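Student: Okay, here's what each chain looks like letter by letter:
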Amino acid sequence: MTKLLQTIVDGLGVGSTYALLALGISLIFGVMHLVNFAHGELITVGAYTSYFFFLHGGSWWWMPFVIIASAMLASVATELVAFRWVRNSSPFTLLLTSFALERLSHALWQIFVSPKQRAFPKPSWVFNQFKIAGVSFEVMDVVTIAVTAATLVLTAVIFKRTLFGISVRGAAEDFDAARLMGVRANRVISGAFAFAGFLAGVAACLILMRSPAAEPSMGSDWLLKAVIAAVIGGLGSFTGAVVGGLVLGLLETLTRAYLPDLADGWDKFSTAVVFVLIALFFVVRPDGIFKVSHAERV
Amino acid sequence: MLEVDQITTRYGAITALHAASLEVRAGELVALVGPNGAGKTTLLNTVAGLLRPATGNVRFDGNDITGAEPASLVRAGLALVPEHRRIFKDLTVEENLRLGGSTATKLDRLARLDEAAELFPVLRSKWTTSAGFLSGGEAQQLAVARALMSNPRLLLLDEPTLGLAPTMVDVVFDLLERLREQGRTMLVVEQNATRVLHLADRGYLLRTGNVVATGTGAELADNSALFDSFIGPESHGGDA
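Sequences listed follow chains A and B, in order.
Here the first sequence is numbered in our numbering, starting from 1 and rising by one per residue.
Here the second sequence is numbered in our numbering, starting from 299 and rising by one per residue.
Treat each hint with caution, since some may be false.
[As the list claims (entries may be wrong)] Straight line, CA to CA, 20 Å or less: simulated EDC-like cross-link-like pairs of lysine to aspartate or glutamate:
#, chain 1, residue 1, chain 2, residue 2
1, A, 291, B, 388
2, A, 160, B, 388
3, B, 387, A, 141
4, A, 131, A, 141
[Claimed, not checked] A short list of chain B residues far from chain A (calculated; beta carbon distances all over 10 Å):
#, residue
5, 303
6, 333
7, 334
8, 354
9, 357
10, 373
11, 377
12, 409
13, 423
14, 433
15, 465
16, 476
Don't read these hints as lab results, they were simulated from the structure.
None of the values given here were measured: they were computed from a predicted structure.
Every residue, glycine too, gets a C-beta built ideally from N, C-alpha and C.
Only chain A is shown next, with the shape it has when bound in the complex:
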């Protein structure tokens, strides 16, 4: 029972990070029909920004703001520099553009910083534990879940209550109809990229507090998981992205904890098992948990 509880908290911790990233991917897919494979690079940008700030006396007290700001700026910049020019092209062109950006990002960090990992200090309390009723929890897991919950509530309020949020949701459903309401295409897309950047920035903070190091290709693993989470939830569905992220996180930790220990290194198969489960899920429900009727599949 104790193990199960700990595993679930663990899974929710990882899953909520996936959820934040998947939400950003779903958001951009909604307004542009782009599956942004460069989205994970925002974590890398946050990591190198932290690294440089820590070289010059950075502190975790204000680092989260710097990380979030850098991810938002980078996200808006990718739209301005790359995606804006191919906005009306086919989804395939958009996809290739995002791949190109991802690879370019890897190469730039390798050339201008280093192909090797660059570490910086972690907050002192990250791996502290505390006990409730005999069950021990990691502080960081609880922080992760709480920060994600707060971020998701903020996101829900923005998308439900503000004109910006309603414009983005309207544009995600029918872009031309939103333009007919006076919604400016450039502004709503830039806003969506900024918000996706904000979400990725929050995710980056949570990731970097746990493993404070920058590496050129560190964003790609997270990106793959986030895309899978978004697709499990139903690409384009905001609720789906969150549910998909949590489901994926739980699946991963549960399989890792409960797969039979048949041989050394057997736990490495847990990822494969997760993928098989996902594949089976898509056989049953090809559109994901929350089907989005207006989302055009890429």
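Since the structure of chain A is already known, use the hints to place chain B on it.
Tutor: Relative to chain A, chain B alone:
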């Protein structure tokens, strides 16, 4: 108020409009009628900025608005109720209306929300319902209410009665009449050709991308020879 001067609009190799011209003066209700595929929707979409004409000019209040962004046109005072309504089904009725008033100041937007609730009682009772759950008639009223949220000086309506039950068709025609009494300038594309022409100050008959006849609404509606040759006798009855 609106002058469409010799516009030609193409979809790839297909020319949907051939040097079509029309004019809408302030306070008028102008009907645009014609058989399917005549280019009526293309004309409205070109005026509203969704399509860019290959040649020709569109002027609004004397300003050249050819190829302008729809968002700027809304701010200039022009709103389109698009074909098939295109309401936001995932948004609530209120959110649809707020988005329609996105160009207004917050104060104006709130005031117009009240006006919309008054003008469309059927929407008031469904304020927080997802628009996807509305019936065809309710959805059409929402589409018009949404366009009115920007308080347009010129309202373009594309097939506002398409797919509606006969009683709802009456409701929409009543609405058009009320808007006209309020002095709202309108350009209406409508399948119920006779009925809309009787309501209209003037009309244009469009066929295969060309304006083939123009006159007062009554002149066009009562000219059965013209009707039969260009639209077909089936549109005569009104609700056909």
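Student: The structure should be examined with respect to each hint, and the outcome stated for every one.
Tutor: Status of each hint after checking the structure:
1. A:291 to B:388: Holds. Residue 291 of chain A to residue 388 of chain B sits at ~12 Å (cutoff 20 Å).
2. A:160 to B:388: holds, 11 Å
3. B:387 to A:141: Given that 20 Å is the threshold and the Cα spacing comes to 38 Å, the pair is violated.
4. A:131 to A:141: The given pair, whose Cα atoms are some 13 Å apart, holds under the 20 Å limit.
5. 303: holds, 23 Å
6. 333: Residue 333 of chain B clear of chain A: closest Cβ-Cβ about 25 Å, beyond 10 Å.
7. 334: holds, 21 Å
8. 354: holds, 21 Å
9. 357: Answer for residue 357 of chain B: holds, closest chain A Cβ roughly 20 Å.
10. 373: violated, 6 Å
11. 377: Per Cβ check, residue 377 of chain B is inside 10 Å of chain A; nearest 7 Å; violated.
12. 409: For residue 409 of chain B, whose nearest Cβ neighbour in chain A is about 16 Å away, the distance exceeds 10 Å, so it holds.
13. 423: holds, 21 Å
14. 433: holds, 18 Å
15. 465: At about 26 Å from chain A, residue 465 of chain B clears the 10 Å cut-off, so the statement holds.
16. 476: Non-interface label on residue 476 of chain B holds, nearest chain A Cβ at 22 Å vs cutoff 10 Å.
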